[in-house]
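Chain residues, written in single-letter form:
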Amino acid sequence: MTDDKPVLEVVRSRPGRTVYRSGRRSFLRGAGALAAAAALPLPFVRPSYAARSLRVSTFGGFFEDSFVARVYPAFTEATGIAVESVSQPGNLQFLVQLAEANRAGIAPMDLCTAGQVTVLRGRNAEVWKTLDASRIPSLDNVAARYIHDGPNGLDAVGAMAWFQTLIVNPEMMSELPDSWAVMWDESLGQVWGASSGGASYLFEITANTFFGGNEVLDTEEGVRDVLAKIGELTRTVRVWWESEGTMQTAYENEEIVGGMYYHDVAGIMADEGVPIVSIFPKEGGVTDFGAWAQPSASTKDDEVYEFIAFTTTPEAQALMARTIGVAPLVPREMTDLTDEEFAAVSSEQEPISLAASARVQFEDMMDQGFTAALRQG
Amino acid sequence: MSTAAFAATEGRTLPPPVAHGMTLFWPTLVIGLLFLIPFFLLVQVSFAHRDPGGLWSPGFEFTHYQAFLQPLFLETLTFSAFLAILVALAATALALPFAHFLTRMSRRAQVVWLVFLLSTLALSEVLIVFAWQVMLARRIGLSNILVFLGILDEPQSLSPNFGALFVCLIHFVLPYTVLLLYPALSRLDRQVTEAARTMGATNFRAFMTVTVPMVRGPLIAAVLLVFIFTIGTFVAPLVLGRPEHWTLAILIQRTALTTGNMPFAAAMAMFLLFTTVVIAIATAWLGGRGEIKR
Amino acid sequence: MQGLRIEGLSKAFGEVRAVDAVDLALPQGQFVCFLGPSGCGKTTLLRMIAGLETPTGGRLLLHGRDITEVPVHRRRFGMVFQSLALFPHLSVAGNIGYALKLRGLHPRDRAARVEELLQLVRLPGLGDRHIDALSGGQRQRVAIARALAQEPSLMLLDEPLSALDAKLREAMQIELRQLQQQLKITTILVTHDQREAMTMADLIVVMADGKVQQVGSPLEVYEKPANRFVADFIGLNNLLPAAAVEPGAVRVGNRLLPVAEVPAGIGWGSAVTLSVRPENVRLKRANGHDHAGLTGEVVFVRDVGNAVETHVRCGESTVIAVFPPRDGIQVRPGDQVDLDLDRRHCRVLVQ
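From first to last, the protein sequence lines are chains A, B and C.
Following my numbering, the numbering of the first sequence begins with 1 at its first residue and continues without gaps.
Following my numbering, the numbering of the second sequence begins with 378 at its first residue and continues without gaps.
Following my numbering, the numbering of the third sequence begins with 672 at its first residue and continues without gaps.
In case anyone wonders, no lab produced these hints; they're calculated from the structure.
Among the hints, erroneous ones may be present.
What the hints assert, rightly or not - Subject to a maximum C-alpha distance of 25 Å in a straight line, what follows is the list of computed DMTMM-like cross-link-like pairs (lysine to aspartate or glutamate):
1. LYS772(C) with ASP566(B)
2. LYS229(A) with ASP566(B)
3. LYS895(C) with GLU950(C)
4. LYS895(C) with GLU822(C)
5. LYS855(C) with ASP880(C)
6. LYS282(A) with GLU171(A)
7. LYS229(A) with GLU452(B)
Said to hold, decoys possible - Partial pick of chain B residues on the chain A-facing surface, computed with a CB cut under 7 Å:
8. GLY430
9. GLY431
10. LEU498
11. ARG515
12. SER534
13. LEU615
14. VAL616
15. GLU621
16. ARG631
17. LEU634
18. THR636
All C-beta atoms in this analysis are idealised placements derived from N, C-alpha and C, irrespective of residue type, glycine included.
Modelling step: build the complete structure from the supplied sequences, incorporating the hints.
This is the structure we're talking about:
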């Protein structure tokens, strides 16, 4: 039997693909113990003797390893600027620490990777330096939804994007579903896995499947309705996952038929022979992204602009899509990605976006309401 | 001679008592500060002002403590305490007879068991939880063995549910309880239980009326240790429990790291700490009450 | 038969035969001592009687009934352990009343019985005390009272006095003996202290190597040791190599010494041991005349107050003589002396 593999993968955090599958999205779940243990913010410093240098932080684990191995060397080659890599935890702990450091005038890094909500929260806490869009010529390539424009100007520019889709085990379900609504179908029993907690994309999925779009999340009433609908899932969802490992273990052991999961990871599982189909439902897959943001205490503006400009080129985007498995932020036509390469990480179908501003506005209500809805459901 | 002069002459011959005390004082101070500083920071944050959409700013308000008094949080706290008490009692009740039989084994068998138990302490909670997730799975888990033995008709998934959570937590804490009870049990004079046997007690009766009361202190220590371990449990209920089994630790973590509401998370942590201390003191008090006056 | 009968009782721990086919009859109401050096099997034998060890062979009969298979908690024997084994979590009354509580005696009756037992062991009114608050002697009494609580048909004592200091031990020996005589309970005491056995026992069972060496009253065992081991183990003794030469005499060195009797079946000329207690050796200053008995040179003298102990070198052997000081013989090391051995107390032991 080979099925005990995922457990060990999660725990051992081996470099390479296994970590890719277990640790990479830790920041999304806002996970505590699991993520914190796996991604302690110990700086990975690559000593540099070059005249110009830049300290960049990404989510520790697979993402950081891949950037160090693939992207930073390409950047150094193109610009002569050496990169020092710094590990960063995926959750808010990072922002708290960064705010403290900024206040003391210390920049632990010149550029960091921030989730959508983190960018907004950091904006409110005045953690970011406003960027000058005119100094990033390749910015025009980037789709507007991957750019954070604040009241003072540009805060952050997309670094990497990913999709969550509906995965289904075709051996356990003969007729493949085409809508997220299948997760609410009680006739199937308790067979799904869904991501748990206030950061779960279930809010957007529910809003777009049953309430016509993210707008319903703009009012308290609407959030309440969405939460009530999420509560119904207790009858159909078996596994409420916060760590990818939990979901993957449950899926591979046929504890569940499918559920919400990362599109690119599903592709890798399929390559390894796991029976899995990643479906972009008619409501759309959910897309989310991390963005480059400059802490206000950082002074290396020139290098920062050069780095962002480099990573937003179609070439860099194609490189990242192939080696890290992230979705390109630039139109597909600009890249030289093949159909297969593109389908492995993205879709041209209109995606469901994160309701980032609603998430900031109703954060307590969403987080507490999520738990309450499931406990009562 | 004045007191000062007296002290001066005496001071030369007597070693200064303060210096001796100070050597022990420094480590105590360092440990104290290591505990107290984070604790006071936590207290401070729990009264701070929350900046919605941002982080928090210094302040002094009781908002977060009031916010706790909602059914969601009170029920979660109650469940966390209930789970911890249940696990503590069950684990101790299981460990006691086991440790007792351990002391009756050959010297060699005892060493093997102790080394085994000690080495299981190296397993993290995360590893144990994921191991149980797999063991309880439909496809390759324990239910297949039950099918093989003819107990079940077809393999089924045995998690997530309360039983899975409970069994996993017991597995996690059992080595601690056994290792805590073993020294006391192995020190017991075997003639004492033999005396009870000659006075008409069955083996079980002698165990309950003599052995158990004689290891009362370590028993209470074991219950308390497991309780304190378990009330903060996080990974096990997340992976092996249903949403109704989520503990306060999970809510604290989500509040702090998903919504960034550190003041409320700190206030919840204070509630959890307070509950733990109250139950711990109550246990110790109840445990000490049965002692005979000396 | 009334009393305890032991038939071929054995206990083997692996290859070691701790108790080897012991046969004994212990009459009702007697105080019996199992006496022997450590490791002789006396404690194992006692524990088998108690039911704490399972025999590997043989049986136990109490008043004619086979109790070999009766579990310890149904035998209702009182036992006092070497460590006393008092329950540290219970009060004095809790300890003494333990057996009564198990038997479901009403608390009021129990309290009365406990107080009665406390009176018996001369600790009236101490029921509420904690065990830790008692002196060594008091604990001893509590342990005895506790063992007596269920009115045992047999009282088993496993060296319970060994932890006490000499003076207290002697007092407790007498007290325990008086208590046994008062209650007339058949009692077995295990001890390695022959003086203790002599003080207390009606019947002494001398054991060595898992076997019974001799059973008899203290006087019998002392005066008529059955073999060399008993003669050597009990009390101070002179054991002289000798040869059996005729009925009523043995040869020691080149002297012919009269003895009470030479056991039947000993071939003339075969080697035997002459056993004579030091108090049965009389000492005379050598007067130059020929002496029929042993002669020798004093090598060591000590006066222990109530007795004078004199060691006399006689050829290969050293003979010890003990006599009261008022007998008035003054000897010093180097003196030549004649020794008279009281023939009535000279025992001939087969090698």
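So, going through the hints one by one against the coordinates:
{"no.": "1", "hint": "LYS772(C) with ASP566(B)", "in the structure": "holds (22 Å)"}
{"no.": "2", "hint": "LYS229(A) with ASP566(B)", "in the structure": "violated (64 Å)"}
{"no.": "3", "hint": "LYS895(C) with GLU950(C)", "in the structure": "holds (15 Å)"}
{"no.": "4", "hint": "LYS895(C) with GLU822(C)", "in the structure": "violated (36 Å)"}
{"no.": "5", "hint": "LYS855(C) with ASP880(C)", "in the structure": "violated (31 Å)"}
{"no.": "6", "hint": "LYS282(A) with GLU171(A)", "in the structure": "holds (22 Å)"}
{"no.": "7", "hint": "LYS229(A) with GLU452(B)", "in the structure": "holds (22 Å)"}
{"no.": "8", "hint": "GLY430", "in the structure": "holds (5 Å)"}
{"no.": "9", "hint": "GLY431", "in the structure": "holds (4 Å)"}
{"no.": "10", "hint": "LEU498", "in the structure": "violated (16 Å)"}
{"no.": "11", "hint": "ARG515", "in the structure": "holds (6 Å)"}
{"no.": "12", "hint": "SER534", "in the structure": "holds (5 Å)"}
{"no.": "13", "hint": "LEU615", "in the structure": "holds (6 Å)"}
{"no.": "14", "hint": "VAL616", "in the structure": "holds (5 Å)"}
{"no.": "15", "hint": "GLU621", "in the structure": "holds (5 Å)"}
{"no.": "16", "hint": "ARG631", "in the structure": "holds (5 Å)"}
{"no.": "17", "hint": "LEU634", "in the structure": "holds (4 Å)"}
{"no.": "18", "hint": "THR636", "in the structure": "holds (4 Å)"}
Going down the numbered hints, you'll see the structure goes against 2, 4, 5 and 10, while the others check out.
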